[in-house]
Structures are given as C-alpha cells and as structure tokens.
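Start from chain E and add chain C according to the hints.
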Amino acid sequence: MMISPYYYQLLVIASINAIMALSLNLVTGCAGQLSLGHAAFMGIGAYTAGILTSVYDVPFAVSLIAGGAVAALAGLIVGLPTLRLKGDYLAIATLGFGEIIRVAILNMGITGGPFGLRGISKHTNLALAATAAVLVYWTMTRLMNSRFGRALTAIREDEVAAVAMGIDVTRCKVLAFVISAAWAGVAGGLFAHWFRYLHPSSFAFAASVEILSMVVLGGMGSLEGPVIGAVVLTYAPELLRGVSDFVSRHRMLFYGALLVIMMLVRPQGLVGAGVKGLRAARLSKFQGFGRLQSSKLGQWIAAAMEKVHWKGSTGSDDSCVVNEHVSGLAIGPGTGSTGTGVGRGGGEENAGS
Amino acid sequence: MLQQVVNGLTLGSSYALIALGYTMVYGVLRLINFAHGEIYMVGAFIGLTASQIAGLPFAAAMVIAMAGAAVVGVVVERIAYRPLRKAPRLAALISAIGMSIFLRNLALAVMGPQTRAFPIPFEVKQFTTGRLRISSFDVLILLTSVGLMLGLHFLVHKTKIGKAMRATAEDKETASLMGISVNRVIAFTFAIGSALAASAGVLIGMNFNAVDPSMGMMPGLKGFTAAVLGGVGSIPGAMLGGILLGMAEVMGVALLKSEWRDAIAFGILALVLLVKPSGILGRNLQEKV
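Chains as they are written, first to last, in our numbering: chain E, 3 to 355; chain C, 173 to 461.
The shape of chain C in the complex, shown without the other chains:
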C-alpha cells in the first residue's frame, strides 16, 4: 500500500509538471494547447540526443532539453496561435490540434517509429525498508518536480515577469494599457510551460527507459486531465491535480485490470467535468458575450 503511494507520487509529480504548462497557457490565452503533449515528446527526444549522442551528464541534458522545448513552444505559439488570437475559438483549437498532429508525425518522419531506449546515465540505488522499495531515481523525480514547482511559484509570485503574467491572465487589454508587452508575456508563458513539459519528458523517458514519437499523446491527455481536476488556470491546482491523478491511476491499476489504466484517467475527467467543471481549486469563469 505504501509502495503504491510512492509510485503514485512519482507518476503524479510528472503529470503535474505537464499539467502546469496547460494551466499556464490556458490562464493567459483561454486556449487548450493541444500540442503540449508533443512538446513533452520533443523534450524527451532532445534530452535523449544530448545524453546519448553528445554524452552529456544528466543535469546538462535536462537543461538542454528544457531550453530546446522552450524554443519549440515559442515557435509553435508564434506560427499557429498568435495569428488566431482574435479569431473564433474553434479556429485556434483546430490549429492547435493540427500543430499537435504535425509535430508528432514530424518526429515520426525524422526519428522513425521505433521506441528508443533512454537509460539513466548514472547508477541507480535501491533503498529497501521492509516491503517498501524506493529507487534513487524515484527520489530524483520527486526532488526535481518539487524544485521546479517551487521555482515556478517564485517566478510567478515574486518576479516582475511573473506579475506581468498574472496581470495578462487577469485581463489582456488592461495589462497592455499598463505597459505590459502582452505578446512577450505570452511567449514567455509558452517557454516556461514547454520547459516544464520537457523536464517531465526526460524524467519519464528515463524512468520507463523508452522514448517514441507517440509518447506524448497519453501523458498529454492525462496532464490535461490533471489540470482540469485541479482547476484549469490555477497553478497550485495543476500540482494538486497531477498528484491526485497519479495516485488514482496507481490505485486503480492495483484494484482493476491494468488494460483499463487509460480509461481510469478519462473516467475521472468525465466525472470532474460533470460535477465540478471548475476543478478543485479553480475559479468559476463567467462566460461573457
């Protein structure tokens, strides 16, 4: 049981990292960034390349993956979302889906469909106490996630750009009247969200020792589920939602058959959307004409 809690925490914290990107982008643009799961995949591939081919140590590979994915995120925003900012929502949404499919199949064309191994570039120790087994990599996942989330919290609440982000999320027009460059803030938001997704991509890629072009779809959807569960637009909500979803999934698999694993997340999504669409920590946004 305790073992499941540990597994749930590690899985959940990586979902939380993905969910943060969704939530931040939704906060400033009211757009579900469908390509987010693909950014996560791209991040994993960049990390793999840096670690395997360039032979860089873990931390360096991680930083490069995050920086690379941030660039991809900003480019995606510039090409597919910015021109549609004043267009109907349906247009932006379809553009986002198109971008997601494009990125996934671009990776497929460039890297090939095979799954690549992504070994952990350092020795993993196992700690065993009683029936509980924790690997040093689990600890690393938890520490990295918590560290990144604390960093994000600091960024959003204590820095000038964070204040600009919050202002933009509140009201874009007023923010621009206050001298905030809304375009730059939105690009920055995409960069941060993408970097977080890339970190999750590297961590999960190493944890399962597998990276492939379609790896982004399920974690992308689950990251979104986590964001909705916690309340889309709320940063603490995304963290909470991620952990809860990871727990629920691990527990669900322990109780049910593992083939139904993915159905659990969607079941939760459907339930949350029906009962409390604003999520646990989300604000209820009034739809205006």
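Just chain E, same shape as in the assembly:
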C-alpha cells in the first residue's frame, strides 16, 4: 500500500493525537476531572525521550519508556496534592502546572530553552505510532471494564456517593492521572522522534485545549469518541486549508466556538449517544439535547452506536452504569433531582458529607 508522504504524516500525527485524546479522556471523560495541562505531560515525555536519544545515545525504545515513566512521575507529583481539589480548582491547578512546566523548559539549559531542542533522530514511523494508539485503546477497554474503571465512572457521576460506596476516591483519581500522564509521555516521545525538533510552545496551554477539544468533540467518557475526535481535528484544518485560509489560520477561534457549541447542543459528543454519558439522565432534560435525540440523525447515531458499542453498555441514554452501583443508596443521578450541580441545591441532602 502506498500513500503520499503528506497523508503518511497526517496519519502519524492523528495516531499521536489519538493517544493524547485517549489518555486525557481517562481523567476528564471517565473520571470527570478536568485537566488543562495535559500537553505538559506530553512535553515532559517528549523532552525526556528526545534528550536521552540525542544527548545520551540511549536506544529509542528505552527512551520512549523513560519518557512515559518520567511523565508518570510528574503526574504523581502533580496529582497527589491537586486531585484532592474539587473540579474547577483542579482545572486551574493543572493549567498553572502546565504553565510552570513550559516556563521551566524555557529556562533550562539542556532543553535548548527558547531555541528548542534540535538533532533528534527520526525513529517514529506510522506502524509504530498506530500500534501504540491501538495498544492504548485496547488498554483503555480493559481498564474501563475493570473494577477500577467502574470506580472512576462512579466518581465522575457522584463523588460523595462513590465515597459512600467505599471507593478510595483520591487513590483512584491519582492512579488515573498517573496512567494518563504516562501515556501522554509516550505520545510525547513518539512526537519528538517524528518531528525531530522540540519547542516549549508546542506544549503550551493551546495544545492542552486542542486535546481537550478532541475529547469533547468525539465524546467524553466513550472510547471511540476521543479517537474519532483526534482524527477529525487532525484532518479538518488540513481539509479547510484548501477551502479558506482564514479558517486554518484561526483554528483556535473555531476550537473555542466548538467547545461552547458542543456543550450547548451535544455535551456527550459526536458518538456519545448510547454511552453512559455525562450524567446522561440529567442532560436529556435540558434544551438542545432532547431535540437532537429525537431527531432522525440522533436516532440513527444512537442505533449505530448500539450496534458497535463495546459490551456492558446498556445503550439507552438514561440508564447509567453507575445507577447499578448506587441505586441501593437511592441517591442515584436519575432520582428526580433538578440537579443544579453547583454545590448547593439539588434536593439530595441525605448524604451530605
């Protein structure tokens, strides 16, 4: 099979992006913890692997693993304190962490600082990147069907209820964070040995947002979603480049609008229709979603999703897997609450911490 170098490159980038999106999805989609510094872990992995091969002549495979390991360690260091924080604080803390990492890389000698890291040899190819993406996808399926994965879903749906069920919330969150960081680090290593040049700006806030856009577009918490989101958002700017220069130049403008529109119209993402979405029961109540659900397209997507969705999912939008876990407590997400989700209100006060 022959493909042009242009598409070859696109596919490599799409694979790396898919790994990034899948790993962010574990933290944000599955566990419901918004991380805004995910690109920093990729940066740590990329610089670690790049420096190891170019400066210390370490074999490529070892450097990839080392990149993942160092990123995982960073994930542990960042995760341990910050994951005790509630949602929006965590988002800011991870954002701040990402910026600190970028400033640190910029001010370090060995990283080349503002001049970037040069002279990395090319080791990444499509076969390797795609294999890594498939491997990550496969691990994710196994993980999400495990006890740990279900614990994460429970945490996302209702943290207090999860605690009441005996889940060690902090441990699960930190573990998810570390696994996610490790994968991001590996993706960074692949990135470094494909482009052969690293610059701190590649791992800034905008990059984290780009990854988040992929996850949100595809569907948070689903497994196909992030992959589809990664492929679409890798390819779309290239596709639009021919149509309009303005669009490809102001990509971030559309990413911003995309995030808002997705949240308003279809918070469960492109392929999230049949998935135990973000508190799907509550979401179906608010505007936009219901309309789309009942539309032909929505039904078609839902039907298609039901066919291809991995085992264990119930396929209907208002029965979360979590309901199975917490229904015994009678404070499941779907129990007639108006769900303001803003700390107070919501009517379910019987489990106040």
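Quick caveat, the hints were computed from the structure, so don't treat them as lab data.
Heads up, some of the hints might be wrong.
A few chain C residues that face chain E, going by a derived Cβ cut-off under 10 Å, partial list only [said to hold, decoys possible]:
hint : residue
1    : Ala239
2    : Val243
3    : Val247
4    : Leu265
5    : Leu393
6    : Val400
7    : Met419
8    : Ala435
9    : Leu441
All values reported here derive from a predicted model rather than from experimental measurement.
Glycine included, each C-beta is placed from N, C-alpha and C at the ideal position.
Same frame as chain E, now just chain C:
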C-alpha cells in the same frame, strides 16, 4: 524597599479589580468564569479605541470601556453559561474555557496579533522624595481602584440590587421565591464584574503602554489566584488577595530572577489550594450531593 511596596500596591490593586469579577460570579453561580481575563482584554481594546481613535479624554474612555465590557460580559453569560446552569459543572466549565479561547482568537482575528501602544492621554508627573519615585499615574491607578471598590461595597451592601445579589449567592431557589429575578441578578453580576475587569484592562494597558489579544491570559489567571488567595466568593477577600499577590510578586521578582515571575503566582496558588482552599476570608462551603 518602600518603592517595591508602592509598585506592589499598584499592581495588586489592578489584580484586585480582576479578582472581584471572578469572586462575584463564583458567588452567584459557583462557576469559574474562564472568559474573565478575555473580558479584561476586550475592555482594554475598547478603551484604546475610544481614547486613540475617537480621541476621548481618559475618564470618558474608561466609562465607555467599562460599559462595553459589561455588555460583552452579559452576552457571554447569556450564550455560554445560562443554558448550562442546570447542566453538570464540567459542561459549564468547558463552555467557559471555550468562550475564553473564542474571545481571545476573535480579538486576534479582528485586531491582529501585534501589540498596540496605549499611551496615557495626559501628562504624567513624577514625584520624587529621597529614593522613592511615584508617578501621578500610580496615584491614579490606586485612586481609581479604591474608588471602584468602595462603590462596589456600597452597591452590594446598601442598594436593593446588592441585597438581591447577596440573596442569590446565598440560595438561588429561595431568592427566586422571594420575588427576585435570579436571571436578571446574575446578568447584573456579570455586567459589574466585567466593568471592573475592563477598568483594570484600561489602567494596566496604559501603565505598560501595551494592549494585545493575549494580554488577558496571565492577568486573568492571576486575578483568579488573587480571588482564591482571599477566598473565592468573598468580596473583601478578593481585594485583600489582589494586594497580597501584587506585593508577593513584586517582592519575589526583586529577590529572584524575573523570568520566574509567573511561576511565583502559581506557586502561591498551589500553596493556598493545598493549605487552605477556602482562602483567607472565605467560608468553607460544604459539598452537598
């Protein structure tokens, strides 16, 4: 040393102006308005346009910037936050981030990436006593900030709409039962917070003689840090947090290398979140199911 205190005060009071917007919105919605830093940037651009192109005097440009930003703030709330008020928090948060990115890049597309000069439209005098140098603009920043904060205090504690705001922050459902139009109060809160951010945008823009589309990000984050430091949801806390953060940053830069300036604020943020997430003056909110 005394010079650093003056610098810290001027920087801190502008952080405080930004922090107030975060805190007020968080108070009524329990939402971190990620787009707040961008509102600050929009305010600076409106002020620049009014002052440079329309040639208006300082006070008029300031008022127009504040009014314009208030409108933008209300529109942002209407489009991106109100439909999601009953949605999970994560959805509203992502929508806010999307709005922030959208606004920043809209400014980039409309105004271009270059930094624009924003000269002070009047003559600045320097007062020198010993080794201490204070410009009349520093004094103006301090006076404007203090004036706006006093005005806000009066608004929140002495007027009817202020009472409605406090009631809404306390409990939205009960407030609506008392005949308060919660939607209107929330829109009003956004308007006030945005106007304050715009005033900070104009002041800082003039102080550094620079306005550009990405100028909102760092002050936005630092304003948030200041709000957290003082206690998110507490108005006096935001003022205190802003001043403290400004001081800490100026002192930190004097002691360390200035490249690490931004890391200082985040270091403080991390520390506060770990040790006392409710901040100095904040109430400890119990999370309910």
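Going through the hints against the structure:
no., hint, verdict
1, Ala239, "violated (24 Å)"
2, Val243, "violated (18 Å)"
3, Val247, "violated (12 Å)"
4, Leu265, "holds (6 Å)"
5, Leu393, "holds (7 Å)"
6, Val400, "holds (8 Å)"
7, Met419, "violated (19 Å)"
8, Ala435, "holds (5 Å)"
9, Leu441, "holds (6 Å)"
Comparing the model with each numbered hint stated earlier shows that hints 1, 2, 3, 7 do not hold.
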